[in-house]
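Undergrad: Spelled out from the first residue to the last, the chains are:
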Amino acid sequence: MTNEDRQPLVVARNVTRVLPAAVPVTLVHDIDLDIFGGEVMAITGPSGSGKSSLLYLLGLLDRPTEGRIEIDGADTAAMNSDALARLRLERLGFVFQFHFLLPEFSALENVMIPMRRLGRLDEASMTARATDLLGALDLGDLVRKRPDQLSGGQAQRVAIARALANDPAVLLTDEPTGNLDSKNSAAVFDIFEKLAREDGRAVVTVTHDLDLAGRADRRVELVDGTVVSDRHQH
Amino acid sequence: MTPLALRIALIHLRARGRQTLVSLLGVATGVGFSIAMAALMQGSQLDFINKIIDATPHIMIKDEFRNPAEQPAARRYADGAVALDGAKPTEELRGIKGAGRTVTQLEAMPGLVVAPILRGQVVIRYFGKDEAAAIVGIDPERHRRVSQLAGDIRDGRLDDLHTAANGLIMGDGLARKLGAGMGDTVTVSSPAGVVFKMKIVALFHTGVISLDEGEVYALLKKVQVLQDRQNVVNRIYVKTDDVYGAFDQARAIEARFGYRAESWDEANQDILEALKIRNVIMYTVVAAILLVAGMGIFNVVSTITFEKLRDIAILKSMGFREADIRAIFVLQGLIAGTAGSMLGWALGFGLCQIMSSIEFKVRFATDLTQLPLYYSPWHYAIATVFAMTAAGLAAYIPARRAARVDPVDIIRGAA
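The listed protein sequences derive, respectively, from chains A and B.
Take 1 as the starting number for the first sequence in my numbering and just add one per residue.
Take 1001 as the starting number for the second sequence in my numbering and just add one per residue.
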């Protein structure tokens, strides 16, 4: 099935974000994107080109000053902050350059936090799901470890497991391999590919690493907040 | 959501253990002292009121009027343009007119016990020593029902007034000053020029110096002769079953008989007002202590919110609402408030125990006494409500700020 036949999970239309200031700063300008399930999309561009800003807009952490963003067909423009939070909780997962794991919680507990917030599963089911997610990322032996007892790559994989806790349709990652060596970076990207291919999720990743970007199904390049190229690679 | 917020809140507080402990001790101090002060204040207030209620008549009818009698000319020409200067009221003999009838009518009213009194001043002489005193003429049978005098008599009995020709019951302090004792005869002189030889038939001790050194009691008839005021009484003591309704009853009696009728609470209005002011001051001090404790909580929660900005940002990116974040930090304040309050209960109870064990001598009283304490669960409840409100408000301010954190700013800053 081609993208033309499917409904996009995320739609951005004429999205512009301007920071109010004495001299207003345009972060992104007039962005149009349709993001589909099953694809890994890399956003690349020089520093300051608006990659992370676009990711935060797509992830509903920020609001566009113009244009609109739809998630699963729902226009988010009119939603209040609670509704946006609910959408993030149910449909979106984030992985950042730093793992941002809560330091006082074990790997297992970190993964269970979004599930507890959602409140759909009982304690046993949450534990089982978190254990499965960590196991699938080769962290089965480390579920009781706290973040300071994990390596950078392990912590980042726990962060990925946490992002997947509520089975989101879209995984948004911001330089997820920025603090990892090449081996760990490749392993993390393998996970992204698997999540897209096997689970049908959309994975959007901001990266400086052109090798990894080259592995993505689709690459969007930004310059000065504007999309200068959007091409499918495979 | 709540168990997770509670768990995060507890973890945050534990991570700031020493600071949390200090703020918690601040709350405990406020609550503990509030409980102890309230027990002491209410205890002393009730003790004082009970003493008044027990020791004095609930209502005292006096041979005077609340407002001076209006001049006939002023009554006749109320709206007249003529001013009267230098009008002298008719001199009236003091005393309650028709006291016997008044006493009978009062006794017919349900719940009232009545005793007529004639009170005057005398000088008592005993072997060259003179002491001024108030002499109270009583009917022992009636007086027993309105006064604690019978219970305060240490030597002799109230009825012994009937056994001697001129019997006198004297405060033990006055007897000591005169150097007189039981069975001794003293010379009693009134302002009317009448002099009696009177025999001390009983000694009383109230513990109040002004009474023990300044009052004597004799039969009403004897005092009327001594004061040269035959058949006159100038006070009627009334005891009522409804102690706290005494004010209204006094008003009704005054309206009916015309004479000034003062209830115990009206007679002691200035002191009762002072007690109220004292309570306001006490609660203000306690509120100030709890305010300081609240600042401690504000400090610890503020520090935690500042330290946990990254956690807040990531929780928000996961889908936590502002209310969820706010709950985490308000809970921290409430946990400190709850734990501090519970410690404060123990502290307050301990302080009460210590205070109740202290004995000391009060100036102007002759006995050793203990601090009067009143134990009430309300003291604990009120202090806790105060503390929890202070803790909740103190935590709410940083919690609100934390909830408004923009995750993008934090994540960008960390990257």
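The reader is advised that the hints may include incorrect statements.
[Stated by the list, open to error] Cβ-Cβ distance ranges computed for the label pairs, FRET-style:
| no. | chain 1 | residue 1 | chain 2 | residue 2 | range |
| --- | --- | --- | --- | --- | --- |
| 1 | A | 80 | B | 1356 | 31 to 37 angstroms |
| 2 | A | 125 | B | 1409 | 32 to 38 angstroms |
| 3 | A | 119 | B | 1375 | 40 to 46 angstroms |
| 4 | B | 1291 | A | 138 | 53 to 59 angstroms |
Since the hints were made in silico from the structure, they are not lab data.
From the three backbone atoms N, C-alpha and C, an ideal C-beta is built for every residue, glycine too.
Undergrad: Each hint should be assessed against the structure and marked as holding or not.
TA: To see whether the hints hold, each was checked on the structure:
At about 58 angstroms, the beta-carbon gap between residue 80 of chain A and residue 1356 of chain B misses the expected band of 31 to 37 angstroms. With their beta carbons about 35 angstroms apart, residue 125 of chain A and residue 1409 of chain B fall inside the hinted range of 32 to 38 angstroms. Take residue 119 of chain A and residue 1375 of chain B: their Cβ atoms lie about 45 angstroms apart, and the range 40 to 46 angstroms holds. Take residue 1291 of chain B and residue 138 of chain A: their Cβ atoms lie about 54 angstroms apart, and the range 53 to 59 angstroms holds.
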